[in-house]
Amino acid sequence: MDNWIILGTLAAYKLMLLGVGLWASNRNKSESDFFLGGRGLGPWVAGLSYAASTSSAWVLLGVSGFIYTTGLSALWMIPGILMGYVVVWVWLGPRIRAETEARGHVTMTDYMAAGTGGVMRKAIALWSALLVLFCFIFYIAAQFGAAAIAFESQFGLGHFESVAIGAAVILVYSLMGGFWAVSVTDTIQGALMAIIAIALPVAALLAAGGPGEVIATLSANEPSAFLSWTGERPAFLFLGFAMGIASIGLGTFGQPHLIARLMAVKDDAARKRGFAIAMGWAVIVYAGMSTLALSGRALLGGGQEGEAMFYTLAAELFPPILAGLVIAAVLSAVMSTVDSLLIATSAAVAHDMGVARAMPGREVLISRVVMTALCVLAVILAMTLPASIFSRVLFSWSALGAAFGPILFARVAGVEPKPMAILIAITAGFFTTVLFYIYGQIGGDSLLARLAALPGDPFERIFPWLVPLVLVFVWRQSRRTGSSPDS
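In this note's numbering, the protein residues as written are 1 to 487.
I should point out that these hints are in silico values taken from the structure, not numbers from a laboratory.
Please note that a few of the clues may not be correct.
[As the list claims (entries may be wrong)] Using 27 Å as the maximum straight-line C-alpha spacing, the simulated DSS-like pairs for lysine-lysine come out as follows:
(1) K14 / K29
(2) K122 / K418
(3) K418 / K272
(4) K418 / K29
[Stated by the list, open to error] Simulated restraints on C-beta separations:
(5) L227 / L466: 26 to 36 Å
(6) D268 / G158: 42 to 52 Å
(7) L322 / L130: 19 to 29 Å
(8) V86 / F236: 22 to 32 Å
(9) L206 / K29: 50 to 60 Å
(10) V86 / L130: 26 to 36 Å
(11) V86 / F431: 25 to 35 Å
Ideal placement from N, C-alpha and C gives every residue a C-beta, glycine not left out.
With the hints as extra help, turn the sequences into a complete structure.
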């Protein structure tokens with residue numbers, strides 16, 4: 001019976017997504033409409049869709065699970081994540097929105113390559129698009145695979161059917177509605193996540209006896225390191241750990257699908273309100289997941305896997321109907337994350353690589369063909385490559401952040417990096433992240449391996465940012481005049 005409740009909820013949710021795609025289908029008259037929603041996002045859609053795209057199921061399962069297994073020291077990630085929201089919306093947002101609208105830029109790559117020309121502009125666009133394609137196509141496939149595992153375990157469906165059903169629904173509404181449909185569905189998902197992030201933690205906290213009882217239970221049953229803000233690490237290791245997990249927010253600055261929300265917001269007033277909405281959402285959700293993790297530890301002890309804790313508490317604390325809604329929402333969150341990545345990857349191939357320009361006047365059609373091909377490729381990867389392959393490419397958040405973020409910072413600061421500096425900075429940021437990630441995986445006694453293995457991954461997240469940042473600020477040709485729009 002419970003499975004039928006969950007399945008029915010999922011079916012209703014998917015039908016709603018298809019309805020949104022149909023509603024938005026008439027809004028796509030140009031490439032800008034398809035990839036940026038005609039630059040007409042209001043504050044609620046911009047704010048909530050940004051929040052859902054930057055977090056999705058990761059914040060419900062990953063953040064709560066990390067705090068559940070690590071303790072209070074894991075909370076140092078939250079200030080860094082929230083600061084990422086502030087920097088993107090308050091500092092990067094005004095100039096990126098104004099300049100991309102004035103110059104008719106369609107993608108983040110257009111903005112990064114502004115002022116360059118000829119062969120160098122093509123090289124920057126092509127290289128950026130290839131990195132986005134590589135990172136996101138595997139990321140999309142990994143999301144398909146993760147959702148398929150959940151479907152298989154919950155409903156007994158085969159792997160192929162599980163992947164194909166989710167991919168087909170996402171592809172259809174994204175094809176029909178483009179960026180508008182993706183943004184509206186992500187808004188719905190963001191609202192649903194916020195509701196879950198309030199209801200389940202409150203239920204867990206009450207079941208555990210309230211805040212005082214949670215602290216008392218944890219103090220009596222858990223190691224002292226669990227309730228230590230440093231995790232009882234030595235000063236040097238704690239500093240690296242705290243800086244590393246707080247630096248997760250650095251990856252935000254170079255994500256094409258997130259920067260697209262800033263480019264698409266309709267005006268500066270909507271941007272300011274959108275920031276308040278996104279920030280309010282983040283505070284609610286991260287506070288809720290922190291409460292859930294600590295309450296869950298008090299209720300369940302340390303015997304659960306981190307991500308399983310969320311499902312266990314939902315099943316134990318809610319009646320079947322509500323538990324079904326929670327589980328259905330998480331499964332939907334995993335699947336609906338893909339739509340923003342699919343739009344961003346399609347824009348990289350169709351626009352940045354110039355594929356859509358092969359047929360002037362048919363850019364939207366070509367973009368849809370590209371999106372279909374990418375989705376099919378991701379499905380094939382999800383069904384053929386082992387999960388271990390996916391786990392090795394999920395560093396893409398940090399890698400793209402280090403590749404593109406420093407260039408955005410330079411542009412917004414009024415610095416014009418030389419074209420070759422942009423190309424080298426992208427390469428240096430990406431491959432420095434890859435280098436530290438690989439050394440962190442293989443281990444060993446070398447200096448790089450030891451640095452890469454530090455708790456919190458500070459070198460994987462921070463050092464790759466510093467190299468291109470110094471490069472683009474030093475190797476520049478001029479400083480632009482004029483102040484940025486008011487924030």
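(request) Measure nothing beyond the straight line between the CA atoms of K122 and K418; if it is 27 Å or shorter, mark the hint as holding. (result) OK: K122 and K418 at ~14 Å, within 27 Å.
(request) Check the following: the C-beta atoms of V86 and F431 are separated by a distance inside 25 to 35 Å. (result) 29 Å, holds
(message) Quick check: does the Cβ-Cβ distance between L322 and L130 fall within 19 to 29 Å?
(response) 45 Å Cβ-Cβ, so the 19 to 29 Å window is violated.
(request) Quickly compare the C-alpha distance for K14 and K29 to 27 Å and report which way the hint goes. (result) 25 Å, holds
(request) Compare the distance between the alpha carbons of K418 and K272 with 27 Å, and conclude whether the hinted pair is satisfied. (result) Measuring from Cα to Cα gives roughly 32 Å; hence the hint is violated.
(message) A range of 50 to 60 Å was offered for this pair. Does it hold for the Cβ distance of L206 and K29?
(response) For L206 and K29 the Cβ distance comes to about 52 Å; the hint holds.
(request) Look at the Cβ atoms of V86 and L130 and judge whether their distance stays inside 26 to 36 Å. (result) Given range 26 to 36 Å: holds, Cβ gap about 31 Å.
(message) Run the distance test for K418 versus K29: straight-line Cα separation, threshold 27 Å.
(response) With Cα atoms ~35 Å apart, K418 and K29 exceed 27 Å; violated.
(message) Verify the CB-CB distance for V86 and F236 against the hinted window 22 to 32 Å.
(response) 28 Å, holds
(message) Assuming the hint says 26 to 36 Å, is it satisfied by the Cβ distance from L227 to L466 or not?
(response) 34 Å, holds
(message) Just to be sure I understand the hint, the distance between the Cβ atoms of D268 and G158 should be within 42 to 52 Å; is that true here?
(response) Hint holds: Cβ distance 50 Å, inside 42 to 52 Å.
Checked against the numbered hints listed earlier, the structure breaks hints 3, 4, 7; every other hint is satisfied.
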